[in-house]
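Asks: Listed below, chain by chain, are the residues.
Protein chains: 2
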Amino acid sequence: MRASRFLIATQKETPADAVIISHKLMLRAGLIRKMAAGLYNWLPLGLRVLRKVEAIVRQEMDRAGAQEMLMPVVQPAELWQESGRWEQYGGELLRIKDRHTNDFCLGPTHEEVITDLIRVEVKSYKQLPANFYQIQTKFRDETRPRFGVMRSREFIMKDAYSFHLSQESLQQSYDDMYKAYSAIFDRFGLDYRAVAADNGSIGGTASHEFHVLADSGEDDIAFSSGGEFVANIELAEAISVGERAAATEAFTEVATPGARTVDDVAKLFEVENSQVLKTLIVKGVNPETEEETLVALVLRGDHELNDVKAEKLDIVSEPLTFASDEEVKAAVGASPGSIGPKGLSMPVIVDRAAALSADFLCGANKNGYHFSGANWERDIELGRVEDLRNVVAGDPSPAGDGVLDIKRGIEVGHIFQLGDKYSKAMNATVLDENGKQATMIMGCYGLGVTRVVAAAIEQNHDDNGIIWPDALAPFNVAIVPINMHKSEAVAQQCEQFYQDFTDAGLEPLFMDEAKARLGVMLADVELMGLPHVIIVGDRGLESGVVEYKNRRTGEKQEIAKDQVLAHLQSLIAN
Amino acid sequence: MRASRFLIATQKETPADAVIISHKLMLRAGLIRKMAAGLYNWLPLGLRVLRKVEAIVRQEMDRAGAQEMLMPVVQPAELWQESGRWEQYGGELLRIKDRHTNDFCLGPTHEEVITDLIRVEVKSYKQLPANFYQIQTKFRDETRPRFGVMRSREFIMKDAYSFHLSQESLQQSYDDMYKAYSAIFDRFGLDYRAVAADNGSIGGTASHEFHVLADSGEDDIAFSSGGEFVANIELAEAISVGERAAATEAFTEVATPGARTVDDVAKLFEVENSQVLKTLIVKGVNPETEEETLVALVLRGDHELNDVKAEKLDIVSEPLTFASDEEVKAAVGASPGSIGPKGLSMPVIVDRAAALSADFLCGANKNGYHFSGANWERDIELGRVEDLRNVVAGDPSPAGDGVLDIKRGIEVGHIFQLGDKYSKAMNATVLDENGKQATMIMGCYGLGVTRVVAAAIEQNHDDNGIIWPDALAPFNVAIVPINMHKSEAVAQQCEQFYQDFTDAGLEPLFMDEAKARLGVMLADVELMGLPHVIIVGDRGLESGVVEYKNRRTGEKQEIAKDQVLAHLQSLIAN
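From first to last, the protein sequence lines are chains L and U. Each residue of the first sequence is one higher than the one before, starting from 1 at the first, in UniProt numbering. Each residue of the second sequence is one higher than the one before, starting from 1 at the first, in UniProt numbering.
Quick caveat, the hints were computed from the structure, so don't treat them as lab data. Wrong hints could be hidden among the right ones.
For identical chains, the list gives no copy identity; a pair is met inside one copy or between any two copies.
[Said to hold, decoys possible] For lysine-lysine, the following BS3-like pairs were computed, each having C-alpha atoms within a straight-line distance of at most 30 Å:
no., residue 1, residue 2
1, Lys561, Lys24
2, Lys34, Lys97
3, Lys24, Lys123
4, Lys179, Lys123
5, Lys421, Lys556
6, Lys12, Lys515
7, Lys556, Lys97
So here's chain L without its partners, still in its complex pose (with noise of 0.2 Å):
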């Protein structure tokens, strides 16, 4: 492409409303332009970068045997009022009016749809498994869309759909898909990590999240220092070794007036926060019984509590929520910030760390008061102990291999298996090997075709701006002429490499604006990117050379030009 018949829309200011670093960048690339809240122009440079997105995916989909289709945006009210989701889903599903005044919503996911459509299509177990995508326009009416196309309204996604009679065979798919994805994001040439996720109500293994890794995460992914380990924190098992030390401090009742926060106490008494205990109250169902309860959970004070964990206690409601400070007040006679575990009416959680502490101080049940010295079973009753925790860099991992770090991602891709969810609600059923009715099982593959963009920037960039990987480069290698309106040597040779490259298959951009400074050109081909930049001046040229730079590492080197197309085609291969 010549940059003369190119929209080039790079920008030296900031946008005041773009706040993390791909958002930032993608306005002043020029790869996006907003429109209204959470809706976005790609302009021409951004949706280069989205095909390639969207070619590699389909080829792995192709590859692993999912066939391609296409379903609408626009979907009727009555398939989600079958599944159930019409009432369900919240706000973000944008329920609309036709001119005759029929219900329809701009679909968010195509379960519905899909089944709707297989319950008609597939009749036997001879067409199955099957398993169908699409890379097609979603719409998700977000309350306050930010971030960009990292979290806006209008996004691409590739979503599959498999349907199956039985869990081998959905399993099967599912592992497929996991390799599909495991190839996609290879070849997008990302650091990213296949994560264990919370999918509710089948269980950990039967879901797994695509993390694209980048500070600016908003998820927390724990790592074993091994490599066997892999899981979003909400799914990470604590591990918690060692032994309780021996009691060696009285148990006292002491004043802590105004001192309300694990960090007042802590500092008032000159310890860690990690020798306070908190105990926090949560609602509940007592299981046998069935009367409502308040649960108390008791964890060590520099640990967060791990709602995920907490709502799967069998006594505990979920969604998981918290007492009020009323409720607290009526059901223990003191405010929350001096509670403690000693004594209570309700049941005693207390998480495997904090069952190992010793010495330590706790709220009193008393307001102004907590105990110092405290140990279990000596001076409290301890009762039973579960996981409760976020694990915390330096915890061993779950899987034995040394211990765990945490780092953040994006969740880019999610591979879920449904079970029969909605196969069951909207009677989509085959004929089985006996010849009789059997409702099929379904696996789920979503892939952020948009947001790829978005945590490719996140991971890639540096102050001069983005750092495509090769596969995802609007451009592979950009060519700057030094002067070229003074130079017919110049535009010659720049003419020769434009064509030897497109020739060659490579995907030049020549910077052919003939009186562009310099400077402008480089800074532009750095702020869009462009992985290798060759620049071609008068004197190189007298010595029979150009300067190549590349995006990310910086380095610079003089190739005879004859060579530069091999040193290219050897860079971009790998």
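The hints should help you fit chain U onto chain L, whose structure is shown.
Replies: Showing chain U alone in chain L's frame:
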């Protein structure tokens, strides 16, 4: 592709609500499935065709220097209010509210969005001309969606928009798009015509429709036998040759009780309809006094009024509106069935052909009476004569090259010089060469991607199903084995063909369901329209041949098995 891994969703029954052949065959061949009124799922087979259309469109648009981008489906009301179309556009514009009750619409077209974008991104005449396109989902909330994807609510269009500072530049891009569209339809392998179309305010040459010819088309297109002239019948000038014959009959008022239509009168007097003149009363405004008036339009009984031509007359209101029976009675003193041009107290405009009539019949402006033997000038004043009628087959070509024929066409593309309609309303200006703000002018260029698929089928089918042109075929060759489950030789040869064809870049569909019956497979392959069929059986293999069948011609021939690939390549290359 192996049929065993592909959703072949052919069906024998024609769904009840399908009226036109393309809709029937798209359902029967398994290209699409209806999800709701005007909303279709594209099954894997159909999507393959759609992608071929898209790829050809994309290549030719790129070649013509247009830049691809992508704009949102959901558009904010503000932009449509700025252009004035929020109020003007009918119910086909689906207006919706988001969760914050802000107004949006689903885009039926993107003039507002692109103009909003370009007025910010393009600052200088140096960046012009520029032409941007997208291939994107559109929505038009048709009152009565019908004919499958031919008139659906959600559909895919390629829409392009060009920006200029001069009419010469716009004309250049328009001509480039005309050529690009011609290249696109040539590559599709469809019989089409670029037709001068009426676009209201700008004039005939500033708009062309691209029609795929098919008997089921909604538009009538007039062609000259010499090939010089092509126009939508709305725009084709009616040439009347010869002179008016001399009067031979006496002018007589005749009682014609009950004769109210041209047919009635012609039958009563035993003459052709052409001998009866009809007088239509429409609303108008006197261009000098600006007072409302009725206007009488006089045509031969065998000719049809051309609304577009009538609307172009200075005295006739647009849109064309007929006077009510009451208004006619009040103005003339007779009912519409007895109206004629004699002695009317309103402007009378006579069609060119009607002005050549002699000894004609017409209403006497007296209920139940007609004049016979009427002649212009002698009996009735002949005032203004204009071209008011649709051309008919046999009319002289306006280009002077023989006579006109009329065929039906399906409009699948439309190129259009917009002028400053949007740029002026939305204040889209750039700095011109003199450093002054100048309003851009625009062109727009639409192509109905989903519609092309249906139109191709309307033009290419027979009783057995679709007949794809090679360029649009979902698979260009079918490999059909005879009794593969009983013959290792057949299985091996088919596998070999499948491998060889794939390696050679052909797109084979291997009907590899071991026990499928030959007749069923051949019927499916014909219904799906695959252009080339290779049938492999033991008997042929014994003498080293297979059968080739051409879908379009029905021709069958035996071909040596090692000549098959070369044979296919020679056919598909041409």
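Asks: What are the numbers of the hints the structure violates, in ascending order?
Replies: As far as the earlier hints go, 1, 5 and 7 are violated by this structure, in ascending order.
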